[in-house]
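Guided by the hints, dock chain B onto chain A, whose structure is given.
Chains as they are written, first to last, in the numbering used here: chain A, 58 to 394; chain B, 58 to 394.
Hint data in this document are derived by calculation from the structure and do not stem from the laboratory. A few of these clues could be false.
Put simply, identical chains are the same to the list, so a pair is met inside one copy or across any two.
Unchecked claim - Simulated crosslink set (BS3-like; lysine-lysine; CA at most 30 angstroms straight-line): (1) K378 <-> K201; (2) K183 <-> K360; (3) K130 <-> K305; (4) K125 <-> K183; (5) K378 <-> K130; (6) K121 <-> K360; (7) K354 <-> K121; (8) K360 <-> K305; (9) K121 <-> K378; (10) K121 <-> K183; (11) K354 <-> K130; (12) K304 <-> K360.
2 protein chains.
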Amino acid sequence: MQRGHQTWVFENQPAILSTATVVGPFEARGPLAGDFDILHGDLWLGQDSYEKAQKKMLEEACEKAIEKAGLQKQDIQFFLAGDLLNQIISSSFAARTMAMPFIGLYGACSTSMESLALGALIVNSKAGNNVLCGTVSHNAAVEKQFRYPNEYGAQKPPTAQWTATAAGVALLAAEGEGPRVDCATIGRIVDMGISDPYNMGAAMAPAAVDTITAHIRDLRIDPREYDLIATGDLGRVGYEIAGDLLKKHNIDIPADIFTDCGLLIYGPEQQPEVLAGGSGCGCSAAVTYGHILNRMKRGELGKVLIVATGALLSPLSYQQKESIPCIAHAVSIVSGH
Amino acid sequence: MQRGHQTWVFENQPAILSTATVVGPFEARGPLAGDFDILHGDLWLGQDSYEKAQKKMLEEACEKAIEKAGLQKQDIQFFLAGDLLNQIISSSFAARTMAMPFIGLYGACSTSMESLALGALIVNSKAGNNVLCGTVSHNAAVEKQFRYPNEYGAQKPPTAQWTATAAGVALLAAEGEGPRVDCATIGRIVDMGISDPYNMGAAMAPAAVDTITAHIRDLRIDPREYDLIATGDLGRVGYEIAGDLLKKHNIDIPADIFTDCGLLIYGPEQQPEVLAGGSGCGCSAAVTYGHILNRMKRGELGKVLIVATGALLSPLSYQQKESIPCIAHAVSIVSGH
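So that you can see chain A by itself, here it is in the shape it has in the complex:
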């Protein structure tokens, strides 16, 4: 299973039986709208708080994924999830609704691939079957907690990113149709001393490069084996820095296979709000489980590497003048065809 220092190779290749994605009204106006399962016109989802709306999105994604796989709630053996809210309340409260054995995670925006990697480990090692892995973020709930309530209208610099209102869930099983989880590289913390929470792309880019480097080293592969390598979510600023750093490390990833989930989810006309790009736990989850897996199903992509990045700051660590520790976890998915 173990390859090199940081990589797991899943010899039983767990299948992604189904995925489900849920997004808010702003994402529903973006270029990937057709790839998402549930599009909400109401940012509140009929709830009386944004936190409850965030929880509701994760519940809906779980229920949709279970339904798409033709399963029932009680067929699910483990639920792995985390989110950006303090004490991951969206995930814990969704796990209460789902009533499944629950493993709570925290990896900020890397949670999408952290949960998929651990879920694949469980299925691959026959420690469980029908494992649900997911995450969620809600723009208004997350911005309020980390920065200011949106209603304040605080100005942001052009390096800032837009927290996606999105949930994404994958249902893993030992057998069945679907793309396969091939291997995963668990990241180390990388901290280059950046302390500006309005420039998280720059903070996270070195972590993405560190994990890509480890992945290539552990597996001794050429990055061109992948049809797509998508970081998530570096945005425009971080994506450019990552490209420069990869060149410095003599890792040649052609521009046409290197992309970023935070650059895909919004269109050019959304740029005035979005600034440097999308972010938030749900961004890489929804882009991967919606858009990228749809492309795999259409036969456009055979093998992809998703490198989900997380900025592990808290508002308190920022106030205490700490820099931002960052991490990235990478998961390789291969077409089931």
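The following block gives chain B in isolation, referenced to the frame of chain A:
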């Protein structure tokens, strides 16, 4: 590996090569002082914030465990940790210092056994070796975040628990001397509608009983196979409720083998401060990795079950009038003799 619906049986029985525990001045005056590795006289640990002191305790526990196993930092393959602070900053910042591939977890006070269960899964399935699992809590950092700064002197009801200033870490490996991790039961969320954060023992007791019931059902064992079953951390109120619930479920655990980590860490003379008992991520970790494993090494206990309980509330979920979702993860440890 999989047994029943919620339980993993580790057929390769990962070894606990070493453990390390670090406590604060109040815990150093308690009855288990002789079981801890590092006892601090200064609640600040020479740091300029309690949050940094909490991080420092986890770093010290990691370094001590590595040293006791005769290993170096670079020998450690994965670090699994979480804590109660928002965005688990103590764990992420400690992981930055340790520079190891990091898997961030959140299970509130169940994190001790959540991390041990996942670490054992990694070692058992040969996905890694030399895996560090741990957690930490610091009374002043945690009380400030969840309730009030201690300096305010807010009154507490007798059902309240005292957050332990403690860190506990275990180092797992495929081979070597030491107690063995035998199996683990991953808990479901149980929420009986209690919303009082000053009575978390009562909130968590049903989750502990749910997981013990699942463990016994999945493995078809008699609880008397264990020399000790320790919940953590229910305190006096939750412990009594758990006992009553077990009787209702017709599960007979003799009183002399059923205990609670929150009842062990402080002595009767500390009761005026401690009220219903100890709590906090570090409580069950330090009691298990210090006191209970020492008893195993002395041959007093052959097989123990640690049922770490977590109250998955946040100050915001409490303000929004939500009840407290609770969880418990159980890990069975057998003597290496």
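Requested in this report: Quick one: which hint numbers does this structure break? Sort them smallest to largest.
Outcome: none
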